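Residue numbers (my numbering), protein chains in the order written: chain A, 1 to 248; chain B, 1 to 319.
Just so you know, these hints were derived from the structure itself, not from any lab. On a predicted model such as this, the values are computed, not experimentally measured, just so you know. Certain hints may be false.
SDA-like mimics (lysine to any residue), calculated; alpha carbons at most 25 angstroms apart, straight line [stated by the list, open to error]:
| hint | chain 1 | residue 1 | chain 2 | residue 2 |
| --- | --- | --- | --- | --- |
| 1 | A | K246 | B | G12 |
| 2 | A | K246 | B | N144 |
| 3 | A | K223 | B | A137 |
| 4 | B | K276 | A | E244 |
| 5 | A | K161 | B | V298 |
| 6 | A | K223 | B | V298 |
| 7 | A | K16 | B | S107 |
| 8 | A | K246 | B | M215 |
| 9 | B | K316 | A | D80 |
| 10 | B | K276 | A | D80 |
| 11 | A | K152 | B | S67 |
| 12 | A | K161 | B | H241 |
| 13 | B | K276 | A | P222 |
| 14 | A | K219 | B | H241 |
| 15 | A | K152 | B | G237 |
| 16 | A | K223 | B | V182 |
| 17 | B | K276 | A | S216 |
| 18 | A | K161 | B | V182 |
| 19 | A | K161 | B | D186 |
| 20 | A | K50 | A | D80 |
| 21 | A | K161 | B | S67 |
| 22 | B | K311 | A | K223 |
| 23 | A | K101 | B | S67 |
| 24 | B | K276 | A | K50 |
| 25 | A | K223 | B | H241 |
| 26 | A | K56 | A | N243 |
| 27 | A | K161 | B | D235 |
| 28 | B | K276 | A | L133 |
| 29 | B | K16 | A | K223 |
| 30 | A | K246 | B | D235 |
| 31 | A | K101 | B | N144 |
Cβ pair distances, simulated, as ranges [to be verified]:
| hint | chain 1 | residue 1 | chain 2 | residue 2 | range |
| --- | --- | --- | --- | --- | --- |
| 32 | B | E176 | A | D147 | 21 to 27 angstroms |
| 33 | A | D134 | B | E169 | 30 to 36 angstroms |
| 34 | A | T24 | B | T189 | 33 to 39 angstroms |
Here a beta-carbon is modelled for each residue, glycine too, at the ideal position from N, C-alpha and C.
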Amino acid sequence: MNILVCISHVPDTTSKINFSENNTKFDTNGVQFVINPNDEFGLTRAMWFKEKQGAKVTVVNVGGAETEPTLRKALAIGADAAIRVNAAATDGFSVAKQLAKVATDGGYDLIIAGRESIDYNGGMVPGMLAALLDANFVNNCIGLDVDGTTAKATREIDGGKETVATSLPLVVGGQKGLVEESDLRIPNMRGIMMARQKPLTVVDGVETTDQTTSVSFEKPAPKGAVKLVAEDNLDELISLLHNEAKVI
Amino acid sequence: MSVLVYTESDQGNLKKGAFEVASYAKAVADQLGTTVTALAINASNTNELGNYGVNKVLTVNNNDLNSFSAKVYANVVKQAAEKENAQVVIVSSSADSKYLAPLLAVSLNAGYASNVIEAPSNTAPFTVKRNAFTNKAFEVTQINTNVKIIGVSNNAFGLVENSASATSEDFSPAIEASTVTVEAVDKATDKVTIADADVVVSGGRGLKGPENWGMIEELADVLGAATACSKPVSDLGWRPHSEHVGQTGKPVASNLYIAIGISGAIQHLAGVNASKVKVVINTDAEAPFFKAADYGVVGDAFTVVPQLIEKLKAFKAQQ
C-alpha cells in the first residue's frame, strides 16, 4: 500500500493568536509550529500500516521553505519520504488542487489528511481532494482498516458513530480516534538522525485560482469579569441564569 | 436566481439546525433581492420552513437516500442548485453537512466558506465573517466564485421567524449508487447530542473518577442537556471520546456551557468559546477558566453540584 499523508504546518495549540499588517496577516512572531494534530493522528495510523502491512508512507505539505522542519519531524516519526509543494497555501481549493497533482503523480492508494487544520478550520481540503481525484471519501474518520483494496472505516457522526465499507483509492479526513493520544510518537534521536537522510523533494505548484480570499482578521472582544456566586447561594446563580443570561 | 438551503432531517423530521440555516438563507436572499428555496430529503414537517422565510421547498422522498452518503447527497444538492439556478447554497455545520459541502463545492465549482457566524457584510464582493483559529479569532473571507457555498456555524445566527407561505414541489433527482456503504450506525436516539444541545454539562479531572459522573448526568437530565468532558478525562478512558470537547475534540456552541472540575486549558477554552454563556464550578479560584467564564462558583463540585440539582429541580417545577 502506498500512503500519502497530508501535513498542515500550524501554530501549536497553546499559541497566542495575534495578527500583523493591519490585521491582515497571522503574526508568526514567537509562535511554535507543529504538525496539525488531526494530521498527526493520521500519520501515526499510517505508521501502523507501515509496520504491520508493509505500507510506504510519504508526507506532503503545501507551503514555503519555512514548513520543512514540520516535514522533517514527520520523517523523524517514521515517514519514508516527504514532498513539499512550493506554493503559498492561501485557499482550501488551491491546496486541494496542489495535493491532487501530487496524489496523481505518485499513484497513492490511501490518502490521509486531518479533518481540518486547527488554524483556518476550513475543513475542506480532504473532501475537495477526494472530489478532484474521484476517490472514495470518509470524513471524521476515527477507525480505519485496509485489507487488499477494501477498507472498513468508522466515522464519527453527530451523537454517535457509524461503520462504513468502501474501497481504495480512498481519501480520509482523520481525527483523534484513528489512534489514541497515547499512541502518538515523540521522535527519538535515531529517528531524527535518520530523517536527515530521507528524501525531501521540493516540487513546483500548479497554476490555481483562489476561490476564496482572506481579507482580514479580528480578535473576540475582551470578556467582562466573571460574576462569582458564593457556593451557599446557588439560588442567585439560578436567578442570574434565568433573568440575566436568559439561558434556563 | 435564488438562494438554496439544504435543510437536514433526522428520522423523518427536520433538525433544529434546519430552521437556523433557513433563517440565514432568508437574510442572504433579502440582501440579494431574491427568494429562498429549501431542499429537504425524506422529511415530513417541511411546511414549518415557511415560518423562517422559505418560499419554496423541494421535497425528495426516496428510500435510496435512507442512509447518508456524502457523495450521493452532494449530488442531490447539486442538481437542486442547478435546477433553481442558485447563486448561493447554504448548509449547516453538522457532521454530515461538513462532509458533503467540499464535494459539492468541487462539483459546482463554487467557493466554500465554513463556520460562518453572521449574514454577509457585503454581497459584491461577497464577504462573510467566520470562526477561525478554533474560536480564538474571526476571519473575514471573500468568496470569489459565481456560485457560493456557506456553512453556517451552529447556534451562531439563531432562529429568525419570518412568515412566508412555503409552496412544496416534488423533486426527483437522479440518484447514483454509493461506493461508501454504511454497515452499522451506533447512535443513542434518546439523548440530545452535543451538536444540537442548548445546554452542555461538562466534567473534568476534578471529578476524580468515572464513578462520580452520576451527578453530571443527573444535572444534564434536569437541564435537558448533553454531557461532555475535557481531554484528560477522555484520554484516561473515564468517558468516551465522543464526549471530548475542545480543540482536538468536538466544538461546542451551546447557549449554556457548565464546566465542572475543568481548569480551562487554552485548548479546552478554544473549543467551547463559541458557547454564549459559560458557568464554571471549581475548587481552585485561580483556575484559568474563571477568566473566560460569565459566572463562577468557587467550591467543591461534590457539594455544589448535588445542591444545584435540587435547586434546579425546584426551579423547573415552578416554571
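If you draw a straight line from the CA of A:K161 to the CA of B:D235, is it 25 angstroms or shorter? holds, 18 angstroms
Keeping to a limit of 25 angstroms between CA atoms, is the pair of A:K223 and B:A137 held or broken? OK: A:K223 and B:A137 at ~14 angstroms, within 25 angstroms.
Is the hinted pair A:K101 and B:N144 satisfied, with a Cα-Cα distance of at most 25 angstroms? Holds, at about 23 angstroms.
Going straight from one Cα to the other, do B:K276 and A:P222 come out at no more than 25 angstroms? holds, 14 angstroms
A:K223 and B:H241 were given as a pair; does the straight-line alpha-carbon distance stay at or below 25 angstroms? Measuring from Cα to Cα gives roughly 30 angstroms; hence the hint is violated.
Within a Cα-Cα threshold of 25 angstroms, do A:K161 and B:S67 meet the stated pairing? Answer holds: A:K161 to B:S67 is near 13 angstroms, not above 25 angstroms.
For a C-alpha distance cap of 25 angstroms, please report whether A:K246 and B:G12 respect it. violated, 31 angstroms
Hey, B:K311 versus A:K223, does the alpha-carbon distance stay inside 25 angstroms? violated, 28 angstroms
Would the hint linking A:K50 and A:D80 be met if the CA-CA limit is 25 angstroms? The hint holds at about 9 angstroms.
Keeping to a limit of 25 angstroms between CA atoms, is the pair of A:K223 and B:V298 held or broken? Judged against 25 angstroms, a Cα distance of about 19 angstroms means the pair holds.
Proposed proximity, A:D80 with B:K276 (alpha carbon, max 25 angstroms): violated, 46 angstroms
May I ask you to test the hint 30 to 36 angstroms on the CB atoms belonging to A:D134 and B:E169? Holds: the Cβ-Cβ distance is about 31 angstroms, inside 30 to 36 angstroms.
Hint compliance for this structure: hints 1, 2, 5, 7, 9, 10, 14, 16, 22, 23, 24, 25, 26, 28, 29, 30 and 34 are broken, all remaining hints hold.
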